[in-house]
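Residue numbers (my numbering), protein chains in the order written: chain A, 85 to 443; chain Z, 16 to 282; chain F, 37 to 220.
If you are wondering where the hints come from, they were derived from the structure by calculation, not from laboratory data. Any given hint could turn out to be false.
[Claimed, not checked] Pairs of lysine to aspartate or glutamate, DMTMM-like flavour, derived with a Cα cap of 20 Å:
#1 A:Lys442 to A:Glu284
#2 A:Lys283 to Z:Glu48
#3 A:Lys86 to F:Glu65
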Amino acid sequence: MKRLMSGNAALGEAAVLSGCTCYFGYPITPQNELTEYMARRMATSGGVFIQSESEIAAINMVLGASVTGARAMTSSSSPGISLKQEGISYLAADELPAVIVNMARGGPGMGNISPAQSDYFQATRGGGHGDYKTIVLAPGSVQELTEIVPLAFDLADKYRNPVIILGDGMLGQMMEPVDFDNLQRPPDYEKDYTLTGAKERPARKIHSLIFDTKLQEEHNWKLFRKFRLMEQNEVRYETYLTDDAEMIVIAYGFGARIAKGAIKRLRQENLKVGMIRPVTLWPFPAKALRDMAKTVNDFFVFEMSTGQMVEDVKLSLEGRGHVHFYGRPGGVVPMPIELSRIIARHYIQAQAGGRRRKR
Amino acid sequence: MKTVYKRPKLLKEAHFHYCPGCGHGIVNRLLMEVIEEMDLQESAICVAPAGCGMLLYNYFEIDVLESAHGRGAAVATGIKRARPQSLVFSYQGDGDLAAIGTAEGFHAANRGENISVIFVNNGVYGMTGGQMAPTTLLDQVTTTTPEGRDPVLAGHPVRICEVFSKLDGATYLERVAVNKPAAVKKTKKAIAKAFQRQLDGLGFSLVEILAPCPTNWKMGSIESCQWIDEVMCKEFPLGVVKEVRGGDRPRAEAPGGAATGKGASCS
Amino acid sequence: MLVNTIFSGFGGQGVLSMGSTLATAAMLEGKYVTYLPAYGVEVRGGTANCTVVVSDEEIASPVASEPEYLVAMNQPSFARFQSILPAGGLLLANSSLVNTESARRDIEILAIPTSELAEKLGTIKVANMITLGALVRASSMISYDTMLENLKEILGEGKAKLIELNKQALGLGYNYAKDRAYGH
Chain A
85 MKRLMSGNAA
95 LGEAAVLSGC
105 TCYFGYPITP
115 QNELTEYMAR
125 RMATSGGVFI
135 QSESEIAAIN
145 MVLGASVTGA
155 RAMTSSSSPG
165 ISLKQEGISY
175 LAADELPAVI
185 VNMARGGPGM
195 GNISPAQSDY
205 FQATRGGGHG
215 DYKTIVLAPG
225 SVQELTEIVP
235 LAFDLADKYR
245 NPVIILGDGM
255 LGQMMEPVDF
265 DNLQRPPDYE
275 KDYTLTGAKE
285 RPARKIHSLI
295 FDTKLQEEHN
305 WKLFRKFRLM
315 EQNEVRYETY
325 LTDDAEMIVI
335 AYGFGARIAK
345 GAIKRLRQEN
355 LKVGMIRPVT
365 LWPFPAKALR
375 DMAKTVNDFF
385 VFEMSTGQMV
395 EDVKLSLEGR
405 GHVHFYGRPG
415 GVVPMPIELS
425 RIIARHYIQA
435 QAGGRRRKR
Chain Z
16 MKTVYKRPKL
26 LKEAHFHYCP
36 GCGHGIVNRL
46 LMEVIEEMDL
56 QESAICVAPA
66 GCGMLLYNYF
76 EIDVLESAHG
86 RGAAVATGIK
96 RARPQSLVFS
106 YQGDGDLAAI
116 GTAEGFHAAN
126 RGENISVIFV
136 NNGVYGMTGG
146 QMAPTTLLDQ
156 VTTTTPEGRD
166 PVLAGHPVRI
176 CEVFSKLDGA
186 TYLERVAVNK
196 PAAVKKTKKA
206 IAKAFQRQLD
216 GLGFSLVEIL
226 APCPTNWKMG
236 SIESCQWIDE
246 VMCKEFPLGV
256 VKEVRGGDRP
266 RAEAPGGAAT
276 GKGASCS
Chain F
37 MLVNTIFSGF
47 GGQGVLSMGS
57 TLATAAMLEG
67 KYVTYLPAYG
77 VEVRGGTANC
87 TVVVSDEEIA
97 SPVASEPEYL
107 VAMNQPSFAR
117 FQSILPAGGL
127 LLANSSLVNT
137 ESARRDIEIL
147 AIPTSELAEK
157 LGTIKVANMI
167 TLGALVRASS
177 MISYDTMLEN
187 LKEILGEGKA
197 KLIELNKQAL
207 GLGYNYAKDR
217 AYGH
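With the rest of the complex left out, here is chain A (with noise of 0.2 Å):
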């Protein structure tokens, strides 16, 4: 059955569903309902919830909980994500398992409460400190939620490893209908790594401290095997009219939502666009562009910031293609229409120019 929810709220629903059992959070906007849902639900379903007294203390609250065995989860919005830094790299370090949601606003610094795409960089770099990479999920739709969350807990629990959901504030705030009838709630890892008390076992330390360099270096490279392993098994994205497109858009999350508008208005006027929306940013869906670099010339990245995915695009395709780019920093959100006037700018100068699909 269907029900109307925000995105936050059924970011928690889908959450206790998944198998989360610890939540620990800090209020800021626009995330603040799912902290709340959060406080009721676990109230009910009998896990635990705690109102942190900051970030930092969440994060590491969901490290402690981590531990023991427990699916847990934080939440914030980018500036509270960026305190969380330090404790999510502990997490890689400690190979760790924890999902970590990010209902971004518009920054730097304080900047506004406003939904934004500006922390695509933080979020797939690792970072906090050191040589890591965390998974990012970037959901469009509250529908899209229910199947990215019991996906967040399972990859974290596959891989031992923190997966970061990256949505923003419309994304949090919108209300759409949702059911949850086909939320699978992902299997229980046999978890030899926990700590339970030394009983019947030897006691097990958990610890990121190396002070040998070459120990520290192995661990290094044993976390970078296991970031390859995703990168060759857990990409995801979606593709949309792509098989004529003369040029591809290539936009996530929220973004893609309105790129997906503005390419319905494009295909009304018989302009041949369609659009690759990566579900997962990290790892990236790079030979995925590439292949479609075979055919298609022109790629247009269009994101709510100054411009980051567009970095990956362009290291994805390896100087094949031309990459046009078209960023709303600061919170702002255009419309359809406003992106397909400027695509089909850049798509009639590009067939001018005589790029064409290649046959």
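Please arrange chains Z and F on chain A, whose structure you already have, making use of the hints.
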């Protein structure tokens, strides 16, 4: 022959990395003794700090998780809430608890988290080379107070027990020392009491342990021990700072089971 | 068909619940729908607004830059939002609180004297439902029957006794709009 002392089984046969005369080794040993005597090794989980105590996982035969600098009380909170049946304690130094991690310690205490904090106060940042700590005494010379700590420039020594004593969630706070045999015995008793109170669900407990740091104090070992009595104890008086019965904090069950307990209150 | 509506007024006038009531009714009809509250620095008694988009197709943006309908429950909202209503749009104004004179001749205005109408029901609290009834009639974006059915869903068993009152309020607004010629 009567055995008056033996190495606790839970303390590994390893050489401590601590400097000669350091108090950490004594505290490490006391913790393992208490856990062994209370038969808690199968449920104990220790949260290790950044600082001189950080390598304690090399010595403890119990489960240990390292925490980022200052976050011990938050990490211990996460563990305890997810696994209330475990004995959970953090081991923290003065920079850790009284500077970078004050918020985490303060609020764990205020929530009455049913955890124990073992707080080793030696008045300096030891591992980083003897810089001023929040607990450094006035006029005390450190590498960052070369002329002695001047309160106008560098503030005053922080008395964590006294500060935390104002919080209703903190139910047992005692300051002890490890500078002489009688004091060591008292320290052991305080640790055991803190752990017993946790088992009884009485809420947040903290044992502050004044410990010598001859290396950074630029003193001999014996002189350091004397200095604790003669100088440090004037600023940090020993004894029970607070002990209340604690509220009727329910023995919480693991998530998924019955509702977890909330903070204890004074009685 | 894609229909954008902005609801605006004082906080406490039931502006947000008007929007969510419409949104859940649209959901019941199987339509695509988004509901977006203006969120942020909250001042009790300050202005509130929300946007509802109802469509037969997937909705790209829940933001309405060119709403077909605008509901203004108080004077500040009337002043602020009438300028963003595109030519040909319909403005539903709570004329019990709003002076509905407007310089714009390219929009229609439906003045609803909610206080007068609500008198019959003995409470002004349902002014929002009266207005929503009028919107349903004027827009036909969802059926009146769905709206009634929806009340049960929204109010639930706990507030079952309020269903009848809200039904009557919706009916008052619906019939008022039916009998009305819109103008200036």
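Outcome of the hint check:
For the hint linking Lys442 of chain A to Glu284 of chain A, the alpha-carbon distance of about 65 Å lies beyond 20 Å, and the restraint is violated. Distance hint between Lys283 of chain A and Glu48 of chain Z is fulfilled; the C-alpha atoms sit about 18 Å from each other, no more than 20 Å. Using a Cα cut-off of 20 Å, the hinted pair Lys86 of chain A and Glu65 of chain F holds, with the two alpha carbons roughly 11 Å apart.
Violation of the numbered hints given earlier is confined to hint 1; every other hint is satisfied by the structure.
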